[in-house]
Amino acid sequence: MSNLSQLIKNEFIKLHHYKSTWAMYIIIAVLLIGVAVITNFVANQSMIIDATFQSELVQAYQSMGLEIPAYDMWAFMADNISLISFITIFIIVAAAKIISNEYKWGTIKLLLIRPAGRGTVLTSKYITVLLFAAVLILYTIILSMIIGLIFFGVDTWNPTIVDNLGSGYTEISIIASIGKDVLFSLVPLIIVATLSFMIAILFKGSAMAIAASIVVFIAAPIITMMVSRYEIAKYLLTAHLDLQSIFAGSPLIEGTAPGFSITVLIVYYIAFMVVGWLTFKKRDVAGN
Amino acid sequence: MTEIALELKNVSKRIKNKEIIKEVSFQIKQGEVFGFVGPNGAGKTTTIRMMVGLMKITEGDIHIVGKSIQTDYSEAIREVGAIVENPEMYPFLTGRKNLEQFARMVPGTTKERIEEVVQLVGLKKVINDRVGGYSLGMRQRLGIAQALLHKPSILILDEPTNGLDPSGMKEIRQYIRTLAEKENVSVIVSSHLLSEIELMCDRIGVIKNGSLIAVEDVEKNRKLGDTDMSEFIISVSNAQTAKAHLDSLDESLFVEMADETTLKTAMKREQIPAVLKELLNNNINVYEVQAAKGTLEDKFFDLIGENVIE
Chain A
1 MSNLSQLIKN
11 EFIKLHHYKS
21 TWAMYIIIAV
31 LLIGVAVITN
41 FVANQSMIID
51 ATFQSELVQA
61 YQSMGLEIPA
71 YDMWAFMADN
81 ISLISFITIF
91 IIVAAAKIIS
101 NEYKWGTIKL
111 LLIRPAGRGT
121 VLTSKYITVL
131 LFAAVLILYT
141 IILSMIIGLI
151 FFGVDTWNPT
161 IVDNLGSGYT
171 EISIIASIGK
181 DVLFSLVPLI
191 IVATLSFMIA
201 ILFKGSAMAI
211 AASIVVFIAA
221 PIITMMVSRY
231 EIAKYLLTAH
241 LDLQSIFAGS
251 PLIEGTAPGF
261 SITVLIVYYI
271 AFMVVGWLTF
281 KKRDVAGN
Chain B
1 MTEIALELKN
11 VSKRIKNKEI
21 IKEVSFQIKQ
31 GEVFGFVGPN
41 GAGKTTTIRM
51 MVGLMKITEG
61 DIHIVGKSIQ
71 TDYSEAIREV
81 GAIVENPEMY
91 PFLTGRKNLE
101 QFARMVPGTT
111 KERIEEVVQL
121 VGLKKVINDR
131 VGGYSLGMRQ
141 RLGIAQALLH
151 KPSILILDEP
161 TNGLDPSGMK
171 EIRQYIRTLA
181 EKENVSVIVS
191 SHLLSEIELM
201 CDRIGVIKNG
211 SLIAVEDVEK
221 NRKLGDTDMS
231 EFIISVSNAQ
241 TAKAHLDSLD
251 ESLFVEMADE
261 TTLKTAMKRE
271 QIPAVLKELL
281 NNNINVYEVQ
291 AAKGTLEDKF
301 FDLIGENVIE
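Residue numbers (UniProt numbering), protein chains in the order written: chain A, 1 to 288; chain B, 1 to 310.
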């Protein structure tokens with residue numbers, strides 16, 4: 001098992017020698033600072049909620065007799081959790097490249113003629129992709145905390161917010177709300193990263209993997225709408241990626257229950273893994 | 001000492017019903033340098049890929065120090081160091097970082113071993129430079145360093161002299177001989193040029209259209225050539241009269257007419273002056289006397305034939 005950790009270390013070293021990896025860290029930082037600057041100067045920062053667009057939420061606050069909190073570090077953090085969509089695209093690229101680069105450089109041969117075995121090599125790459133996603137998400141959260149603190153200060157260390165958890169509006173801790181958002185964004189991230197990983201194995205290249213996975217990720221609602229009149233639409237991966245809406249009771253396909261969605265996602269996930277692993281283990285490594 | 005380092009047993013490879021390798025069998029002893037020669041497309045690289053487990057074996061088996069590459073992969077591959085085709089490395093890492101990557105993949109490879117190997121292949125000066133800037137010769141050496149890191153019993157080098165200049169080739173040849181003699185490592189080198197590897201091998205296997213058609217003991221051939229008579233080719237103005245004169249000169253001479261102006265002879269080196277004197281004294285002009293080198297080369301061409309890729 002120590003062999004696996006050594007392989008993961010190798011993958012991390014390689015990953016952090018790419019300029020594109022550092023570009024990801026820099027882009028996230030630039031975006032966070034940009035959002036902070038714009039929010040600071042342009043937006044009405046006395047309010048965490050826009051009364052015009054979120055009147056329902058404002059009513060919820062009023063009916064509970066709660067004061068709408070000021071825009072502070074927590075609000076900034078909660079806003080920027082949506083950057084995980086951005087990170088998802090980075091991870092799609094990383095998942096494809098971690099496979100395709102070895103073929104491109106021909107180093108796949110040197111990687112496979114070691115005692116570790118093909119399964120372990122592939123596992124180390126997959127784990128590296130997931131760990132990299134975790135690193136990027138933590139980086140985003142910590143950086144948005146710091147930037148939020150600098151730009152907006154902090155009101156209270158135990159903040160609460162009113163949110164809809166699928167069963168009407170209730171008052172919950174912001175930290176819990178952020179945690180919930182992160183968990184819900186992790187689902188599509190892991191699924192499309194695995195898809196990208198599998199396609200990269202099948203084609204030994206990154207172009208197809210990146211393109212297909214990004215389309216699935218970004219155009220999921222459109223794809224689902226296009227086929228929604230057919231019965232088969234409810235078995236489509238794209239109909240189940242937005243678990244948050246499904247839990248909140250507004251799925252893309254009428255009547256999709258959370259349990260069904262989770263089952264479909266698990267089936268797709270297992271299929272991607274099995275196809276990827278079997279292909280990688282069985283295939284002859286010949287001259288490109 | 002005579003232990004078998006690598007053994008191929010009736011190895012066949014079929015891809016889409018086309019037989020690429022046909023029942024190839026041979027053995028390599030420890031400390032032996034084995035040359036693997038054949039024209040392009042004969043199946044050298046395919047055979048090597050099967051030896052290192054990059055390709056599945058359709059039929060037969062390959063044993064490395066007694067362990068099957070099919071059923072005992074980890075144990076078998078631990079004994080192998082290889083460069084398959086080009087010495088490919090991570091271009092954005094330095095030579096040392098590359099070696100560290102490969103060291104982590106085989107447990108028990110130490111920092112000292114990396115230094116030792118770098119010293120051995122003579123890359124000390126450039127080991128901290130990025131591999132992207134290496135010349136082909138440097139990359140070839142780094143490839144050998146990578147293959148030697150985990151102290152394998154068998155070194156497999158696919159076309160190790162490909163793209164090297166003559167002095168680079170000579171150096172690689174010397175490394176390989178040193179490794180075989182001092183560290184008792186078995187080495188398999190493949191090439192499509194016999195002349196490139198003839199000088200470093202103990203035995204040479206010739207492969208054509210996926211079959212091993214001959215295994216030549218090169219060392220023996222060379223020794224025979226030293227003690228016995230050698231073959232010389234003499235260009236003369238009139239081969240027919242020249243042959244007649246030489247036949248009557250010395251019974252131990254073997255003279256054969258190749259064409260109107262060329263004689264093929266077998267004789268001892270000391271006999272050459274007498275032969276020339278005889279010819280010139282009889283008004284036969286001699287334009288060239290040439291030692292017919294490498295009977296092996298002829299043999300190779302006889303075996304391979306003209307149409308190399310079928």
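Some hints could be false.
[Stated by the list, open to error] Straight-line Cα separation of at most 30 Å, DSS-like style, residue types lysine-lysine; simulated pairs:
#1 K111(B) with K97(B)
#2 K111(B) with K282(A)
#3 K281(A) with K264(B)
[To be verified] Derived contacts from chain A toward chain B, CB cut-off under 7 Å, selection only:
#4 S5
#5 S20
#6 T21
#7 D79
#8 K104
#9 W105
#10 T107
#11 I113
#12 P115
#13 G119
#14 K281
#15 V285
Calculated from the structure, these hints are not laboratory results. Beta carbons: idealized from backbone N, C-alpha and C, even for Gly.
Review point. So which of those numbered hints doesn't the model satisfy?
Key: Result: hints 2, 3, 4, 5, 6, 7, 8, 13 and 14 break, sorted rising.
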